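Q: Sequence:
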Amino acid sequence: MPTSQELTQWALSKGLRLNGIAAHNFPQRGMGIVAKKHFHAGDVLLSVPLSALRTERTVPENIRNCIKNISVQGLLATDLMLDTSQSSTLWKDSVPTKEDMKKAIPFMWEPMLQALLPEAASKLLAIQKQKFRSDWDSVSAALPAVSYDDFVYSWFIVGTRTFYYTHPDTQEPLDSNECLALVPFADYFNHVDVGCKVTFSSTGYTFCAERKIRKGEEICTNYGNHSNDFLLAEYGFVLEDNKWDEIPLDKVLLTLFSAKQKEILQEENFWGDYVLDEHSVCYRTQVAVRLLCMPIQTWRNSLESGFDDYDEYQGAADTILREALGIYSKAAYEKLEQVLELSAHLASPKGMLGKRWKQIHLLISTAIDGLGGQKLE
2 MPTSQELTQW ALSKGLRLNG IAAHNFPQRG MGIVAKKHFH AGDVLLSVPL
52 SALRTERTVP ENIRNCIKNI SVQGLLATDL MLDTSQSSTL WKDSVPTKED
102 MKKAIPFMWE PMLQALLPEA ASKLLAIQKQ KFRSDWDSVS AALPAVSYDD
152 FVYSWFIVGT RTFYYTHPDT QEPLDSNECL ALVPFADYFN HVDVGCKVTF
202 SSTGYTFCAE RKIRKGEEIC TNYGNHSNDF LLAEYGFVLE DNKWDEIPLD
252 KVLLTLFSAK QKEILQEENF WGDYVLDEHS VCYRTQVAVR LLCMPIQTWR
302 NSLESGFDDY DEYQGAADTI LREALGIYSK AAYEKLEQVL ELSAHLASPK
352 GMLGKRWKQI HLLISTAIDG LGGQKLE
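Mapping to this note's numbering: the sequence shown position 352 is 353, numbers consecutive.
These are computed hints drawn from the structure, not numbers from a lab. What you are looking at is a predicted structure, and each value in this text was computed from that prediction instead of being measured. Note that the Cβ used here is the ideal one computed from N, Cα and C, for glycine as well. One or more hints might be untrue.
Derived DEER-like restraints, expressed as beta-carbon distance ranges [said to hold, decoys possible]:
1) 44 to 342: 46 to 52 Å
2) 100 to 124: 24 to 30 Å
3) 100 to 307: 54 to 60 Å
Straight-line distance between alpha carbons at most 20 Å, and here's what the computed SDA-like set of lysine to any residue pairs gives [claimed, not checked]:
4) 359 to 341
5) 15 to 4
6) 359 to 263
7) 359 to 369
8) 198 to 252
9) 351 to 215
10) 104 to 369
11) 252 to 285
12) 103 to 285
13) 124 to 231
14) 356 to 372
15) 331 to 247
16) 359 to 4
17) 198 to 19
18) 359 to 241
19) 356 to 102
20) 93 to 161
21) 244 to 231
22) 130 to 93
23) 331 to 355
24) 263 to 283
25) 104 to 276
26) 124 to 4
27) 132 to 236
28) 124 to 93
29) 130 to 198
30) 252 to 236
31) 263 to 274
32) 99 to 111
33) 104 to 356
34) 213 to 231
Use the sequences and the hints to build the structure in full.
A: Here it is as structure tokens:
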């Protein structure tokens, strides 16, 4: 593992400006960034010039020309995997190892562990598998000597450490998932709900403090307003407290509607995408469930004029939701029991899955306890 001083010198050699910050290896969290002095909100912490980025355009031409039909993530992963330069080696020595990634990233878990993922994480995993398979087919065809294990490791190193990026000469991107760049040193920032503010311009990236930061404190940034299922599938961790956390309810609600009710909800753009967060079920859910206990024309009129929060149908709607959430609660508890029965040698994924299913069960239980005359808002 490189020292903080080595990584600082490496960053400075690439033209980065570090204003009182340094790389630091935090127990349990891995490499992060620590404040070497006090900061106030608005203070600049780090500046990264465009010349320091690894993007689609910095991939050597011989690699770009020999691999067809590959995502930017796959292209960057291939470049990183084949790069044996001293500068690359220093950075590679500071990121999670293959063994670390195998324990954290669900894509690399055994199928029996993947089967225990929550619904939202499982859907993201399916998307990852499809995208990775396409990239691997392209890379393995062009470079037969490339190792599958090396490529999947590099693919997720890129996937967990890139920032949103568009070249100044580029028009509006067609696919935001293809707008990626590796940003040296900045990728050491760990994630919190509120960390430092990141801005991107024609000159590069600038990271500024969003609040007071004490000397010796870890400085983090926000990876986006993501649920814990997203964070688990994409990054291999879940937060203890995540104000953006939510869980899907489609699996327990969609089967309650008749074909006619489904048609009506589709016409009004209220079919599916039902979620529960730490506060309540979403507005879409509340409106859709009302259709299960209201005359159709009354429901249509209310949709146009606004629902009465405490009308004669509220009790019936709450009952339907409680029953549906009760089914979900039982299923979540059963999943948790299956996780707890896993062998001790699977401690890392077992702990992650157990934590997530406990969070889901708590979200559902809290919602059930809170039902009763909740406002539609």
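Q: Take the hints in turn and mark each one as holding or not.
A: For each hint, the structure was consulted:
1. 44 to 342: 46 to 52 Å: 50 Å, holds
2. 100 to 124: 24 to 30 Å: This hint holds: roughly 27 Å between Cβ atoms.
3. 100 to 307: 54 to 60 Å: Given range 54 to 60 Å: holds, Cβ gap about 56 Å.
4. 359 to 341: Distance ~11 Å between residue 359 and residue 341 Cα, so the pair holds.
5. 15 to 4: It holds: about 17 Å lies between the C-alpha atoms, which stays within 20 Å.
6. 359 to 263: 32 Å, violated
7. 359 to 369: Answer holds: residue 359 to residue 369 is near 15 Å, not above 20 Å.
8. 198 to 252: Given that 20 Å is the threshold and the Cα spacing comes to 37 Å, the pair is violated.
9. 351 to 215: 35 Å, violated
10. 104 to 369: Violated: residue 104 and residue 369 sit about 34 Å apart, past 20 Å.
11. 252 to 285: Given pair residue 252, residue 285 holds - Cα atoms ~15 Å apart, limit 20 Å.
12. 103 to 285: Violated. Residue 103 to residue 285 sits at ~37 Å, over the 20 Å cutoff.
13. 124 to 231: 10 Å, holds
14. 356 to 372: 25 Å, violated
15. 331 to 247: 18 Å, holds
16. 359 to 4: Violated, because 37 Å separates the two Cα atoms, which is more than 20 Å.
17. 198 to 19: Holds. Residue 198 to residue 19 sits at ~15 Å (cutoff 20 Å).
18. 359 to 241: At roughly 11 Å apart (the allowed maximum being 20 Å), residue 241 and residue 359 satisfy the hint.
19. 356 to 102: 18 Å, holds
20. 93 to 161: 14 Å, holds
21. 244 to 231: Given that 20 Å is the threshold and the Cα spacing comes to 13 Å, the pair holds.
22. 130 to 93: 24 Å, violated
23. 331 to 355: Since the Cα atoms of residue 331 and residue 355 sit roughly 15 Å apart, the hinted pair holds (cutoff 20 Å).
24. 263 to 283: Holds: residue 263 and residue 283 sit about 18 Å apart, inside 20 Å.
25. 104 to 276: Status violated; Cα separation ~29 Å.
26. 124 to 4: 39 Å, violated
27. 132 to 236: 16 Å, holds
28. 124 to 93: Judged against 20 Å, a Cα distance of about 30 Å means the pair is violated.
29. 130 to 198: With a Cα-Cα distance of about 32 Å, the restraint between residue 130 and residue 198 is violated, given a limit of 20 Å.
30. 252 to 236: Violated, because 25 Å separates the two Cα atoms, which is more than 20 Å.
31. 263 to 274: 13 Å, holds
32. 99 to 111: 15 Å, holds
33. 104 to 356: It holds: about 15 Å lies between the C-alpha atoms, which stays within 20 Å.
34. 213 to 231: Outside the cut-off at roughly 29 Å; violated.
Consistency note: the structure conflicts with the earlier hints numbered 6, 8, 9, 10, 12, 14, 16, 22, 25, 26, 28, 29, 30, 34.
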